[in-house]
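Taken in order, these protein sequences are the chains called C and B.
Quick note, in my numbering, the first sequence goes up one by one and the last residue is 517.
Quick note, in my numbering, the second sequence goes up one by one and the last residue is 164.
There's no promise every hint is true.
Stated by the list, open to error - For lysine-lysine, the following DSSO-like pairs were computed, each having C-alpha atoms within a straight-line distance of at most 30 Å:
#: 1; chain 1: C; residue 1: Lys109; chain 2: B; residue 2: Lys162
#: 2; chain 1: B; residue 1: Lys96; chain 2: C; residue 2: Lys109
#: 3; chain 1: B; residue 1: Lys68; chain 2: C; residue 2: Lys103
#: 4; chain 1: C; residue 1: Lys107; chain 2: B; residue 2: Lys68
#: 5; chain 1: B; residue 1: Lys144; chain 2: C; residue 2: Lys103
#: 6; chain 1: B; residue 1: Lys44; chain 2: C; residue 2: Lys103
#: 7; chain 1: C; residue 1: Lys107; chain 2: B; residue 2: Lys144
#: 8; chain 1: B; residue 1: Lys43; chain 2: C; residue 2: Lys83
#: 9; chain 1: C; residue 1: Lys481; chain 2: C; residue 2: Lys462
Said to hold, decoys possible - Residues from chain B that keep clear of chain C, each with C-beta distances beyond 12 Å, as calculated:
#: 10; residue: Ser30
#: 11; residue: Thr36
#: 12; residue: Ser47
#: 13; residue: Ala78
#: 14; residue: Leu95
#: 15; residue: Lys105
#: 16; residue: Val111
#: 17; residue: Ile113
#: 18; residue: Leu140
#: 19; residue: Gln151
#: 20; residue: Asn155
Claimed, not checked - Just a few of them, taken from the derived set where beta-carbon distance is under 7 Å, the chain B residues facing chain C:
#: 21; residue: Ser2
#: 22; residue: Ser4
#: 23; residue: Phe13
#: 24; residue: Val35
#: 25; residue: Ile37
#: 26; residue: Gly38
#: 27; residue: Val39
#: 28; residue: Ile41
#: 29; residue: Lys43
#: 30; residue: Val46
#: 31; residue: Arg88
#: 32; residue: Ser93
#: 33; residue: Pro107
In short, the hints are calculated from the structure, not lab data.
Where is the CB? At the ideal position from N, CA and C, for every residue including glycine.
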Amino acid sequence: MIEELRKDFVKNTTQIIVSDTESRVLQSDNNILSIPTGNYLTSVHPFFYTISNLLEEPLDENYFYCVQIENLGKNYFFDIKTKIYRKSGQVALFLIDFTEHYKSVHKIKQARNESIIDFNIAQELNNELQVQRGFKNKFLANVSHEIRTPLNSIVGFIQVLQNTGLNREQLDLVNIVKSSSENLKSIVNDLLDISKIEAGRLEIKNKRFNLHLLLDELVKAHQIQAEEKRITFQFERGESLPRFIVLDRLRLNQVLVNLLDNAIKYTQVGNITFSVTTPSKNRRKIPIVFEVKDTGIGIDAENVTTIFESFTQLEKRGLFGGTGLGLSIVKQLSELMEGKIEVESVKGKGSIFRFTVEAGVSHDQKAEKKLRSRTSKSKESKNSKYRVLLGEDIEVNQLLLMRIFADHPDYSLDIAKNGEHVLKLLDHYKYDLILMDLTMPIMDGFDATARIRNHKNKHISKIPIIALSARCSDEDIEESKEVGMNGYLIKPIDERELFQTMEKLIQRYKRKGQGVS
Amino acid sequence: MSVSKKIVLLGHFGVGKSSLLRRFVEDTFSENYIVTIGVHIMKKEVSIAGEQVTLIIWDVEGTDDFTKYRPSYLMGAASFIYVFDASREVTYSDLKYNLEHLSEKYPHVPVHIIGNKVDLVDANILQENLLSQNIKPDYLSSAKTGENVEQLFENVAAQVLKND
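Bound conformation, chain C alone (with noise of 0.2 Å):
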């Protein structure tokens, strides 16, 4: 029974053939292919050409798996034994078929090699992007860089302007001028945000600040464009709202000037309500929402997806102006802050902007009497005056430094056009501040710093610096830290930024039993 069932599955799965060591058949069982005695086996299939190279193997078996055969029509996969005997110059071969096992192998390899192909192509077509995104972002910052440093000038001229009394026409004048170059700049640091981003540049640093202090002034910036638009701006925060937040003040306080900004810029009638709320008043990490609902213009609902992609606008007639950059910024910055943001709209109706966002909260009562402590000494001290020194080798920039300095009597204002003038200025001279351009000729600021901080005097080595700088990486940033500036403003100054800036770092220097007056 065994020996014909052996004898039927041999007859069905393989083949013998015997030829001579030029392929010639000298025998075979024809059980799979039909082979007559005579003929070339080379004529069959090209695959027993290789008989010829048997000879010249070291060894006597050789196998060859898988191969596929074509004949007569019908495709065979094979596992091939071959041996040779040598002395009488002949070859056996051993034909097994495979065909369905080998069939099944074919369909899983299949898709293994299709996913992992698509797979790669899309890296490749990743890798293409990147590259083009990061010549894009190098592009954008350099320009917006170079915008930058003119901008300052015109910024701060037109604040200088304002203040040398123009008559009625005039002032309306300069005015138009001031929210054209304030709309410029705002547009250049959008370029420079989002190109930031995209190179992964931007780190969100979360740090402990006055939550309530930080919606106080958007609301107050807000309520006054609103009214502006004759529009009613309403603003209501929850009541177990933590006055002191664990979060990164600078970018929360981006994402809602964005939403806000876009929501006064699309509502021409009606009203804008600013809400903030936490469901959790006792954890340690608190959800806390941010809603802007509006009654504006409202999105389409096809368009809903798309308004948070770069160079999007919720009107495509340009009457409302802008890069389409504002919602990308919110939408990456959310995520980086590790928020959400979601949108509701009705077209003609308006829209509700909600960005949720964890923040840790601090209950430290001690910051806060410290906060009042500070802004009371700060307002004591301001009868005493301020003697500083601006490190700054470009004309034009020292004349408006002079200008802005000239409106506030409690500031005098000394000028070293380098970093080498500044350290000589310094052993003449007492200062309180020094305001240090990192450019210069000569001896740039950041030498020009670590020299100061490895003064021998006390006094000098102590004295507090702040880097003035149309230069914004992080690198620049950090090196400025490295070298011991005690600050860091970008041109344009904002002058409210700087002369804040400078109070709190002349008040902490003179804590220390430093300064001058």
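Let chain C serve as the given structure and place chain B on it in line with the hints.
Relative to chain C, chain B alone:
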């Protein structure tokens, strides 16, 4: 009288080895990717300077690890054709490593390097990539358009005859 020579096509899967072979032997091309398993063999007779040679071309299942090639597939080869996909860097980034393996195991078998699918890439970017990795292919080809296919096999045949 025609001599027969075994040529083996090697390379990662999906680089177009089977397509090159079909273009050369049958002058056909299909956009569909069909995986080769094991080995598929075709032959073509070519005439080089009046001398006939039958190329027995073994189209071996692609792999990124040449150490896994079955020795029986490569034995008796007169020449190897190493094919990579010019549009997928992953198929040539390990080329040097694989060539080292071949030269160690088969020191007397010449290797021809072919960058296929050039119809899919920007020539300048490809040249830049290849230069940066110090890869100098013998031919850049396209089985789809037929670019350089005939030439590369004839060149291989000529060299095989020369080495004979």
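Results for each hint:
1. C:Lys109 to B:Lys162: Distance ~39 Å between Lys109 (chain C) and Lys162 (chain B) Cα, so the pair is violated.
2. B:Lys96 to C:Lys109: holds, 26 Å
3. B:Lys68 to C:Lys103: holds, 21 Å
4. C:Lys107 to B:Lys68: Distance of about 21 Å is within 30 Å: holds.
5. B:Lys144 to C:Lys103: holds, 27 Å
6. B:Lys44 to C:Lys103: holds, 27 Å
7. C:Lys107 to B:Lys144: Satisfied, since the Cα-Cα distance of roughly 24 Å is no more than 30 Å.
8. B:Lys43 to C:Lys83: holds, 24 Å
9. C:Lys481 to C:Lys462: The given pair, whose Cα atoms are some 14 Å apart, holds under the 30 Å limit.
10. Ser30: Holds, since 14 Å exceeds 12 Å.
11. Thr36: violated, 8 Å
12. Ser47: holds, 18 Å
13. Ala78: violated, 10 Å
14. Leu95: The assertion about Leu95 (chain B) holds, with a minimum of 15 Å to chain C.
15. Lys105: holds, 14 Å
16. Val111: Fine: 19 Å to the nearest Cβ keeps Val111 (chain B) off the interface.
17. Ile113: Since the minimum Cβ distance to chain C is about 19 Å, Ile113 (chain B) lies beyond 12 Å and the statement holds.
18. Leu140: holds, 17 Å
19. Gln151: Given a closest Cβ separation of 22 Å, the condition holds.
20. Asn155: holds, 21 Å
21. Ser2: violated, 11 Å
22. Ser4: holds, 5 Å
23. Phe13: Since the shortest Cβ distance to chain C is 5 Å, the answer is holds.
24. Val35: holds, 5 Å
25. Ile37: Status holds, d = 5 Å.
26. Gly38: Since chain C brings a Cβ to about 2 Å from Gly38 (chain B), closer than 7 Å, the hint holds.
27. Val39: holds, 6 Å
28. Ile41: Result: holds, 5 Å to nearest chain C Cβ.
29. Lys43: The hint holds - Lys43 (chain B) has a Cβ within 7 Å of chain C, the shortest such distance being about 4 Å.
30. Val46: violated, 14 Å
31. Arg88: Interface hint status for Arg88 (chain B): holds (5 Å vs cutoff 7 Å).
32. Ser93: Violated, about 11 Å.
33. Pro107: violated, 16 Å
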